[in-house]
Amino acid sequence: MASIQIDDKSIDFQPGQSIIQAASNAGVYIPHLCYHPEFTAHGSCRVCMVEVNGRQVSACTTEAQDGMQISHMSDDLQQTRKQVLEMLFAEGNHVCPSCEKSGACTLQSVAEYCGMLTAEFTFQYPQREIDASHEDFILDKNRCINCELCVRASRDIDGKSVFAIAGRGGQAQLIVNAVDGQLGSTDFSVQDRAASVCPVGSILPKHYGFVTPIGQRSFDLKPIEQQQVSGHEG
Amino acid sequence: MGKPDDIQQSEKQTEAIRFIQHTSDHSLLLQCLIKIQEAYLHIPADTVELLQQQLGLSYADINVVVEFYSFLSFEKSGDYQILISNNITDQFLGNQTLFKKLNSRLADVNVSIEYTSCTGLCDQGPAILVNGWAINRVDDERIEHIAELIEQRLPVDQWPSHFFEKEDNILRRDIQLSVECQPGAAIKTAIQQGREQSLETLEAAGLKGRGGAGFSTASKWRFCAQTEAGQRYVVCNADEGEPGTFKDRVLLNQYAHDVFEGMTVCAAVIGATRGLVYLRGEYRYLLPQLQQVLQQRRDDGLLGAHILGEDLAFDIDIHLGAGAYICGEESALIESLEGKRGIPRIRPPFPVVSGYLGQPTVVNNVESFWSVSRIMLLGADWFAGVGTDASKGTRLLSISGDCRDPGIYEFPFGVTVTEILAACGGEQTQAIQMAGAAGTTVLARDFERRMCHEDLATGGSFMVIGRQRNLLDMLANFSNFFTHESCGFCTPCRVGTQLIDDIICCFKQGQGSTSELQQLNDIAKLMQQNSFCGLGSSAPTAFLNALQQSPELFSAHGPLDDNPQFDLTAAVAEYEQLVATLSGDLR
Amino acid sequence: MKGKIKIATTSLAGCFGCHMSILDIDERLIDLVDIVEFNRSPLTDIKHASQCDIGIIEGAVANSENVEVLREFRRECKTLVAIGACALNGGVPAMRNHYSLTECIKESYLDGIGLDNPMVPNDPDLPKLLDKVHPVQEVVKIDYFLPGCPPPADMIWKMLTDLLAGREPVFTPQQIYYD
Amino acid sequence: MTKITIDPISRVEGHGKITLHQDENQRITQARLHISEFRGFEKFIQGRPYWEVPVMVQRLCGICPVSHHLAAAKAMDRLVGVSQLTPTAEKMRKLMHFGQVLQSHALHFFHLSSPDLLFGYDDEVRHRNIIGVIEDHPELAKQGVLLRKYGQEVVRMTAGKRIHGTGAVPGGINKHLSITERDELLKDIDQIISWSQNAVELFKTIFLRNREYHEQFALISSNMFSLVQADGALELYDGGLRARSADNALIFDQQNPEKYLDLIHEHVESWSFMKFPFIRSLGVDKGWYRVGPLARVNNCDSIDTPLAEQQRVEFKALSADGIVQYTLAYHWARLIEVLHCAESIKQLLHDPDLQGEDLLVKGDMQAVGIGVIEAPRGTLFHHYEINEDGLIKKANLIVSTTNNNQAMNESIRQVADVYLDGRELTEPLLNQLEVTVRAYDPCLSCATHALGKMPLQVDLIDHQGHTTQSLSKA
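Protein chains in written order, with the numbering used here: chain Z, 1 to 234; chain E, 1 to 587; chain G, 1 to 179; chain Y, 1 to 474.
Hints were generated in silico from the structure; no laboratory data involved. One or more hints might be untrue.
To be verified - Now the in silico label distances, taken between C-beta atoms and shown as ranges:
1) G:Asp154 x E:Glu454: 51 to 59 Å
2) Z:Lys206 x Y:Ala317: 51 to 59 Å
3) E:Pro551 x Z:Pro37: 45 to 53 Å
4) Z:Gln171 x Y:Leu186: 51 to 59 Å
5) E:Pro559 x Y:Arg423: 36 to 44 Å
6) Z:Gln65 x E:Gln292: 44 to 52 Å
7) Y:Gln255 x Z:Lys206: 45 to 53 Å
8) Z:Pro37 x Y:Gly363: 40 to 48 Å
9) Z:Lys206 x Y:Leu208: 22 to 30 Å
10) E:His22 x Z:Pro37: 41 to 49 Å
11) Z:Asp66 x E:Ser216: 53 to 61 Å
12) E:Ser216 x Z:Lys222: 46 to 54 Å
13) Z:Ser185 x E:Glu454: 55 to 63 Å
Backbone N, C-alpha and C fix where the C-beta goes; we use that ideal spot for every residue, glycine too.
Modelling step: build the complete structure from the supplied sequences, incorporating the hints.
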């Protein structure tokens, strides 16, 4: 059987699997945000970087090759991941103290896992809106990290394409498929896969906040490195 | 009062609507939008509805495309839209003064005036686009004329033709520019040689892609030809967006036949029946003449079902871009050809395996195809006889900036910067910027470095920076450019470009500190290593060059402090203003 | 034996929750007395920091006085530690950055509910408000950062004991919170 | 003229400053407490979803976050159309609140104010703080630290963490108290009650030792304002509004807190970011009042826990006319409340409702929600209006300390007139001004929710208004 070597661990894989899939199956956690086992990888967040042949590549978009030597926990990589995470925090308005998603937020948990203490980059404090027009959900763009999981879920699983990314560069942001730009004008619904896939607090149920007590929240109960390996992805 | 251009505009509008009504292929979305934008100077809501119906697309599908491209907009910003080219060489030529002058001269008419990325007229700037039409050498006299025409409300396509004349400025010819090719001759050779022999010729010539990445053209074609597929495509990348490059514009203007010839050779070799030219929106004015050339070639049997009477079918369409530097990246270009946002694709698979519409596709630069036509005629030895071991032949350089004779120069690979400067009359040169904003800064002490893949690789841009310039201005121009042109897909590039722009701005105002310098270094390295595509990984090159080679740039205002220079006075200005205006009268 | 380690603390635009979290070290506060001396702090009547080993900053930078105090701390403290979300990233106070200062002031003093004599406070004895709220590292160099709203007492204790022992404070993921 | 500034006022929670103006004869011409910070909560909360509010607005204050958390949660209960919580939810919130008042009062007395009382106002600056107390009175200091710790643990077990937890949600609470948690709290409660009693006794002894001085210090005559239970008993979490005049007559009683705007408005002055609330029927000049422990213990007719009730009776006997106006008696009343909280916690812990599973109720959405609570420092008003999407469109917060704004200024003026007027100003003299402010336990952190900071500073200003000397208390 084909195998790769991640740090000191030898891991078997099926041909065609990406490095992150192979690692996840073997219980090796590679921090990631835009990757999700249910969806096609698209490699935009740049958190799941690993080192192959002296080059940093994203583990979600790189196919595992027999005999590949992969470095995963080097100081350099941790530094890289930390800096990418710092960028995400500096770019948006991530006010963890008052966010309902806190304790169940993948961005927060990945950053804590990677040892990020603060984002030292200049905070951008972008002006972004909250769309509360939908009966059951709010869309808080302040917290969006452009991972496009909702875009992919709505398009590939729900068959609705409710979400998309518009604009480019720093202006690139989540929009919904409605002329008035309001989630309430789309056919988005509670049953959608896109309704539960957001790794941060951007798409959240309405009239519902902080109902899970501290200590019982998703990542309070089970740390991310145990949750986000094969079969446990939220 | 009726506007004289109303009728004219509405004819265009009718034409655009008619075009959409006859279109059902959603990969033509971008082309439809470009036509609408041209006719209405924005994208009206009812045309979006029509597009949705015709192309079977959702509102969001269309919205994201409009929001992606600089030249498309839902809002109409004026009856005339003036875009001022903002390459650093345009800045050298006074485009900021031009901006002020245009604003004051045209203050009373409904005109929007903004900056845009390099328009490819650096050897004859400052340049502007008026409703998409490029005008070079905008001096006081031209400003006055333009103002009068606008005041008369004359549609831009009825302006005197001399406004739109461009100079080719070919100032040095080497082996390639000194030959004339008979249309059809290269195709004939290729057919005679057959696929394998043609590939061997190209291989022996050592032709590498002229876009800048330097991948072997023969290998690319071979991969494509070897991939099983129902259809293959030849794509010519004429999205010449790298600041300071304009040689493709000249080739398309003067050597369009040879470029199409090269594409046809490619089609013959890889077995493609369809070719596409992706022409940057800034070169839109070349479209009619290019269409003419294509028609002539069809008439001459050089395109169509039986080229040269042989069993070779191939034709070429031209797609326009709409203001997006990222579309010069081949996978983003393919996305754009498919009518979508120009977001780079995950590679592998490479376009040669899965490109346009998922089929094997060769994407080559204008100059590459142009060279192909010559190599097929004159042979591999002719071409490989000049250049260096790893960089065969010659290439075209677009030279601009602080030199006596900006223009197009053909040089063999291996030429030194000193030799290039001598040729173009670059004196008192502080530095040159090789390969555009994403390229390498070479300081005077390194002018013996050579242009070739082994040393200074280039996509053809060569900008000369005189002693009188502040390199920080150039860095600020570049950081601004990348902030505007990052597609926003991956984190390092989307956020990094903004952060770098802030930091450079800070140093320009003399307010940087050691922590900003450290951050600049961290961000640049992160982008270089970790970006999703070449735009992100090459964007920080100039900043890293500056950090390594000329750190003194950042401490021009004195030794750097460890503490940031927080500007308290500026930060309390709003409060003081508020107190001054509000507290008094409300008491 | 060396003299006691001098610590100064201050709160800028914050809620004092971080200072409360310092007090949440509970009985360990009593142990601390043997090794540290508190200089300027809301807990003492010393009004200006001078020659301190460690300065602890809570809160974001929202007015001219915050800037002055922060600079004083940088000048007088060998090691500067920023604690809590407000100091690190502006936290909740920085939510006002979504509006202009003018809008915020108008809401509180001119257009608010149940106001008598609406006007903008403008006495020269009041510090001037900044147009935007800033994290502390945008004003002075910070040596260490402790996230959290507030950082848990155990994290503060670890930071203090590490610094007092001359160790670089290092935290495991389980010790790091942003909320 | 001389202007004197005390900046920052220390050993208080938050930021503020005092300025005094002295003329050439050292006569005090002006004394003011300035609140010098602005945070703009009322604005930036606009556009946020209402269900985030209880967690977000507690960031007004890290000393009494629970007060804001609960006041906002009460307002949110109204927004979601709930007027009666489940017994478990109601009692969990009360338990959280008692824990919070206990810790906050303990913090204020032991960590911040006790140095003045134990060492005197003129003690050395270096020593006059909690560290000094730990050094000189280790047992007392330890009791103070542990009392506060206990209160914080009650908060942790009800809200999930000690500072800025999440317990209360619109229409209820997110957890009950487990048996393990209950038992852990029960283990120490008798000790806590006994230490609380000691603290009242200690203060009583200190106060009575120099009774006349303590009574006269910062003495002003004010209206008293607070919530009371339906039977007039002391109430911290709910109840009706009662105001009593300085001569002990009721101005109003059992008023619905949601009608607060009929009763009070806020006045703005140019020299403070903190506004000045007043009872509308009496006007700006006469309508100012005091809130907090002194007002509550004066205002109520009884306390429903036995030990605290005994102490209340004794307290009320201090004054012949039935209303205790002594500013320093704030501490006394505060410690009576500590005892009351400790007793109430014990009662609640024995209530099996705390282990109930029924945590939440829902009703029909409303557009306006007003929640009023007695925070440690006094009556606290949270008022929110939402749009049809559930986003906040208007907010009004009147925090406890703001209610005491005028009273603190009056007290400072009194001290300045009586003790500072015509004298060379020294640090101990100036500290008396801080002692005055400290008695109110002003939470300047809360008070500055709108804007920013409150230091104490003394500047000397000449008759043209120029600062000639700055006597900052370093």
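Provide an ascending list of the numbers of those earlier hints which the structure does not satisfy. Per hint list: 5, 7, 9, 11 violated.
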